[in-house]
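When you line the sequence shown up against this note's numbering, it's residues 1 to 127, in that order.
Everything labelled a hint here was simulated from the structure, so no lab data went into it.
Since the model is a prediction, treat every value here as computed from it, not as a measurement.
It is possible that some hints are incorrect.
[As the list claims (entries may be wrong)] In silico BS3-like pairs for lysine-lysine, Cα to Cα no more than 30 Å straight-line:
no., residue 1, residue 2
1, 66, 81
2, 88, 66
3, 16, 66
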Amino acid sequence: MTPNPQVETVASGADKARLAGALALVVAGVAAFYLLGAQSLWVRVAALLVLLAAAVATFFTAEAGKRLIAFGRDAVREVKKVVWPTRKEAMQMTGYVFAFVLVMALFLWLTDKTLEWVLYDLVLGWK
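Whole structure, please, built from the sequences with the hints as guidance.
In structure tokens, the structure reads:
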């Protein structure tokens, strides 16, 4: 069996321009928020949100954005394949975990007290 060769995608000039445009829109949104300092907060936030929405829309038209959307769809498809436990199974497993934690806490407490007794009472003679 031969290993899968690495697939490299070459970004076109238009793709790079879309990504640069998206980045420019993000920078413009942040700049507009601070440059409109004399305006009310609602106007500043609206300008920021409109420019960020335009940046997101521009990003999703680029190849990287399309790959991100495809990844999200694949992830949703995989999550739908998961066999989730029933309520009864989930409650049983939760009970097992709580019981184990309780037993381990008791064990560690007894070990700590035993070592404390051996060290301080028997070895050092402190009481």
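Going through the hints against the structure:
1. Restraint check for residue 66 and residue 81: satisfied, since their Cα atoms lie roughly 23 Å apart, inside the 30 Å limit.
2. Restraint check for residue 88 and residue 66: the C-alpha separation of about 41 Å exceeds 30 Å, so the hint is violated.
3. The hinted pair formed by residue 16 and residue 66 meets the criterion: a straight-line CA distance of about 14 Å does not exceed 30 Å.
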